[in-house]
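*Asks:* Protein chains in written order, with the numbering used here: chain U, 1 to 267; chain Y, 268 to 658; chain P, 659 to 1032; chain S, 1033 to 1314.
Because the hints were derived from the structure by calculation, they are not lab data.
Careful, some of the hints might be misleading.
[What the hints assert, rightly or not] With a straight-line cut-off of 20 angstroms between C-alpha atoms, the simulated EDC-like cross-links for lysine to aspartate or glutamate are:
no.: 1; chain 1: S; residue 1: K1167; chain 2: Y; residue 2: E428
no.: 2; chain 1: S; residue 1: K1167; chain 2: Y; residue 2: D438
no.: 3; chain 1: S; residue 1: K1167; chain 2: Y; residue 2: E538
no.: 4; chain 1: Y; residue 1: K560; chain 2: U; residue 2: D130
no.: 5; chain 1: P; residue 1: K795; chain 2: U; residue 2: D130
no.: 6; chain 1: Y; residue 1: K341; chain 2: U; residue 2: D173
no.: 7; chain 1: Y; residue 1: K341; chain 2: Y; residue 2: E323
no.: 8; chain 1: Y; residue 1: K622; chain 2: Y; residue 2: E323
[Said to hold, decoys possible] If you only want the chain U side, here are some residues facing chain S, beta carbon under 7 angstroms, derived:
no.: 9; residue: F47
no.: 10; residue: L70
no.: 11; residue: F96
no.: 12; residue: G97
no.: 13; residue: D203
no.: 14; residue: V244
All C-beta atoms in this analysis are idealised placements derived from N, C-alpha and C, irrespective of residue type, glycine included.
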Amino acid sequence: MVESRAVRIALRIATALAVSFLYMPLVILAIYAFNPSRLLVWPPTGFTLGWFGEAAANPAVIRAVINSLLAGALATSIALVLGTLAAYAVQRYRFFGRESISFLLVLPIALPGVVTGIALRTTFTTFGVDFGLMTIVIGHATFCVVIVYNNVIARLRRLPRSPEEASADLGADAATTFRRITLPGMRTALLSGGLLAFALSFDEVIVTIFTAGPGTQTIPMWIYQAIGRPTELPVVNVVALVLVLLSVIPVWLAQRIAGGEAASLSR
Amino acid sequence: MKRSTVLGMLAAVALVAAACGTGASPKPSLDMPSSIGEAEDELNLIIWAGYAERGEVDPAYDWVTPFETETGCKVNTTDMGSSAEGVQLMESGQYDGGSFSGNATDRLMASGTVAPVNVSLLSNYANVFEGLKNKAHNSKDGVAYGVPHGRGPNLLAYNTEVVTEAPTSWDPIWEGGSEYAGKISIYGYSDFIADAAIHLMETTPDLKITNPYQLNQAQFDAAVALLEAQRDNGAVYWASYSDQVSGFAAGDLVIGTTWQFQVNLLQAEGEPVEAVLPDEGSTGWSDTWMIHKDAAHPNCMYLWMNHMMSAEANGQATVWFGEAPTSPQACTYAETLSPGHCDLTHATDEAYYSKIWYWATPRADCADTDAATTCKDQAAWTEAWTSLTGS
Amino acid sequence: MPAIRLEGLVKHFGGEPGRRAPAGGGTAGGGVGGAAGGSPGGSAQNEAIVAVAGIDLEIVDGEFFSMLGPSGSGKTTTLRMIAGFERPTAGRIVLHGRDVTDLPPFERDVNTVFQDYALFPHMSVGENVAYGLMVRKVPRPEREVRVADALRMVRLEGYERRRPGQLSGGQRQRVALARALVNRPRVLLLDEPLGALDLKLREEMQIELKAIQQAVGITFIYVTHDQEEALTMSDRLAVFNRGRIEQLGTPADVYERPATRFVAGFVGTSNLLTGDSARAIIGSAGTFTVRPEKIHLVDPAATPGPDEASATGTIREVVYLGPDTRYIVALDAGGELVVTQQNLATSSMEALAAKGRVVRLTWKRQHNLPVGDG
Amino acid sequence: MTWLHPRRGLQLRLLLAGPIGWLGVVYLGALLILLLNAFWTKDSFTGRVEPFSWTLDAFDSLITVEVYRTIAIRTVVMAILVTATDALIAFPIAYYMARIASARTRGLLVIAVLMPLWAAYLAKVYAWRTIIQGKGPLEWVLAPFGIAGPGLDEIANTWLVLSYLWLPYMILPIYASLERIPGSLLEASSDLGARAGSTFRRVILPLAFPGVVAGSIFTFSLTLGDYITPDLVSDTKFIGNVIYDNSSLGSLPLAAAYSLLPVAIMIVYLLVARRLGAFESL
């Protein structure tokens, strides 16, 4: 320990403040969810569970949740395949342009969503692609690939190559080796990568707004639209709170699967 | 993969894109259906928020569910934030139709995005007030391009506890507004330049503004200067009506331009808010249900247009939003929901609406045939608005 | 027919823009330097690394053959080319008369024991050993018998259900051996298989490996940088340096008659007489080597025998090694020689006290050998 | 596989066909089409873009109309401000997690930071909106001190909320890079006579720097492109708002041309970040 006692106490206080800062808005959100008034007025005037019932019975909310689940599942599946292939090629082969691939993959997440959104929308319009769930999935898969890629390539870097060579040496062809040796080695990386990709897709709103078609509202889109309608705010409170609580699931699962690995953002 | 291969693919994509892009023809087809066929199972609409209610907020206002039950057309709606967004959504080709204001209908008709409507197929059309039929914003060459939904002016709302005397002019939000600095609520879209122009028509006749939407350079500059002064006086722009509602409810706003809808919401929550139409007149809207020329569900759309002119649906919708019903029958129905509604909204009062400038698109040709005059187009308005609110 | 014939085998790594030698190749890529010339078009900093610079070799069926050399000498790369993990830049690999140069590993009748064992962590010991039989579709009953046999051979009966993570280093090493042998390859390649074991275990395994090789009677090709290991176990060995074979022969040949300076230095202790001191002591020009244990330390006044060479000098340093003591003697004629003496009757005190003493060194003339410059 | 046999080229091609096809063609293709749109004319009335009608009008507007410059500068300044704020808040907590907290506390803190990260973006912005707006908790807290609430039209709201939103994105990479520093390095530094201050400055800070850069990729780029947060908690316009407004208000060429600015900024940023080793810390 090179840190003095005073430094350690100061760091402890700074940490406590930062964590409070992170949770304060979520706590306020939770309090408002039980507020009986339609308008947001502080302090709350009472306590009710009524809005939860209304949210659960709201057909638009239910449709939006289903759409979000579908879009997330499809985008994650595509991202798993593409991200794994790319990671495997980059980590296990040497070829011209190898360095550019990670750059290409990180672009959709590093460039502003509004640019990705407009670019995709303009392209879909130009080619006469019908907007719908599939266009949302295409948009989401594009930026989810990098999440899977980062997870898998980090794992591949740590996986020694000799078991693959041993497998080939023992008579297994490339496909068998991939299936029996490489894939089992990547399993947890795929799980946590897929989980985080799903969470990212479930939460995305900007690209979604640009790529959604009629009748394919996702839950973040619903919230965004509902914020603009004061009459729906109590239901927004509830839905937002539930979404915040649901985010525990991917975090908890990813932690369980990968131990400390999920500490890094995307792997 | 070689770099040249990637570039080659990109070039190919661009070429195909170009080919598809140029293929679209702006010529509208005049093939109107001669009958309404069997209803499809779905209907995709672009709407102003509040134009398709399912009783989720107030069970008494539900005109979508009955329609779905009756026709089997499942209604999907997408809100437009502004007329321009509505145009863009409509041009994506993904929607069967929508409820558009004048500054969208003119563009949609000009670009051939929407189809003419065979009104003889719509049984409720005959009841509609004559004053709403065959207007510039809903017809072309005497052919109807849609059916009316309702109309209303943009009003001046005020907090009765702060503004104790009902205003009769727009002055409090312009020159006279200094006492409300920082609490003036202004519609946050470029269309509001027209409201400045209406005020100038009254205060600066020398500018010779004849149409607040078609402004030449000098008129435009004067309007923008007026808006800048207003901004510097602490105008707060609202983009979604909930911003305005929560602002008035919180007391952050005390006066500003509004729709009857927000006033209704605020009054329902017991807030001390009233709205008036000032003497100068105002901007306003007369909204039209239009059908896309390539609508995937044309029969549902026709059924919907007819439904929205029915006494029940139109009565509910116009009360809900606070606008004028489109037929005597709808008026009668509306009165059962909200007594005095038709008088309040001046449903039959053409003189009242003569003071209302319905939203229209600013055009470089001033929307006239005089080649000598040029006006600022929509892009110029958008740009001026960005400069106004962005710097 | 030889078990393996290597003809003009050459291997370059890199040499094209943006490429580097793969990290997985163990000692293959590093250290050799691009002396033999890069591939055309490669810029200076991307010059090809020459790992193997031309190897011709025949390995006899049933022989225990070692490839000995320092890190980066090309021995592992040669082994990996035989296994099929690397593709030679030039040259041919002939396995029992069949050219396998272009065949992938899974189509070659050789198996490898890896330096890190490369056991599949998600499979049990039994599944690891059965893997090669399974992917070759050997029927289950036969598979079970052969796996049991193989595990018995490496003395790991009853360990089938364990996971590699639950085994000690020595046990893992034996699983890796069983996994390779169960396939009954005609050639077994071993890449420094004992490198990760501690000294005692390593010595035991050396004996066991040699015993197994004799029991199964197949060709073993054994890569090591440990000269003692190579000398102990091999029928023949090749000493690698800078991508080439410096000497090929039996352990005795290589140890007693090193062909080059490099071999003399790498196998055993480098004890060289060169230039003036060689002329003065041996009586002829050139480079000579004498093994330290062949040299006697005698009184400076003693007279050497007629068949003996002799030199005087001062003991500069004494290193006490337990059974032996190593004396480093600065010669009057120039240069240094290392002398090892068994501590038959010498105590450590006595040995260490010898530092600084003037001595005479004598050895049989037949023990100083001329070496090439390699 | 490391062995090089003749089918390797084909294998590689098959492996890369999917990912490269998707990102290289769909994504870069879309960006290219957007780029082309920046050079095309649009109809002044209907707002329709006419392909292959080349013009530099959009760029002309961007250069001549002052507000676009003002907004660009404002956005970049905001991105820098948010990044700096997050780095300042994140470093102590990341340091505490990596070097001082017990293993148990550390695990809990990682989860405590991850959860708000994955909590729905809109829910978080919305929560702040409810806090800031009139008659909300913030006003309620400030009232006893005689301070008025900020209301929903202050640019500072954007700074506050964006800093809040991206904070976890900064904490985690810094934490990861601090955690990777072996304790022996710090012991070596103090063994060699460095005081805590110099060890921090000369050993810890340089080794944690790639983590800061990695975090800044997120804080910077997310701020650069966000238009929803500024829209919901203030009435200030940022690059994203102008792009969004123009994409729907009918000047797609202008939106496309303006998009090139954040794209160019981010590409340069990424290239520099990659050089600084930040990609390993992502």
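*Asks:* Taking 20 angstroms as the top limit, are the C-alpha atoms of K1167(S) and D438(Y) close enough?
*Replies:* Violated, at about 28 angstroms.
*Asks:* Taking the least C-beta to C-beta distance, is G97(U) closer than 7 angstroms to chain S?
*Replies:* Status violated, d = 9 angstroms.
*Asks:* Under the criterion of a CB-CB separation shorter than 7 angstroms, is F47(U) in contact with chain S as hinted?
*Replies:* violated (17 angstroms)
*Asks:* Would the hint on L70(U) be counted as holding, given a Cβ-Cβ threshold of 7 angstroms to chain S?
*Replies:* violated (17 angstroms)
*Asks:* Close enough to count: is the Cβ of V244(U) nearer than 7 angstroms to one in chain S?
*Replies:* holds (4 angstroms)
*Asks:* With the threshold set at 20 angstroms, check whether the alpha-carbon distance from K341(Y) to D173(U) stays at or below it.
*Replies:* Roughly 54 angstroms between the alpha carbons, so the hint for K341(Y) and D173(U) is violated.
*Asks:* Need the status of pair K341(Y), E323(Y): alpha-carbon distance at most 20 angstroms?
*Replies:* holds (16 angstroms)
*Asks:* CA of K1167(S) to CA of E428(Y), is that 20 angstroms or under?
*Replies:* OK: K1167(S) and E428(Y) at ~17 angstroms, within 20 angstroms.
*Asks:* Classify the hint on D203(U) as holds or violated, based on whether any CB of chain S lies nearer than 7 angstroms to its CB.
*Replies:* holds (5 angstroms)
*Asks:* Hint check: K560(Y) vs D130(U), CA-CA at most 20 angstroms. Holds or violated?
*Replies:* holds (16 angstroms)
*Asks:* Has the given pair, K1167(S) with E538(Y), been kept, meaning a C-alpha gap of at most 20 angstroms?
*Replies:* Since the Cα atoms of K1167(S) and E538(Y) sit roughly 14 angstroms apart, the hinted pair holds (cutoff 20 angstroms).
*Asks:* Starting from K795(P), check that the Cα of D130(U) is at most 20 angstroms away, please.
*Replies:* violated (49 angstroms)
Violation of the numbered hints given earlier is confined to hints 2, 5, 6, 8, 9, 10, 11 and 12; the remaining hints are satisfied by the structure.
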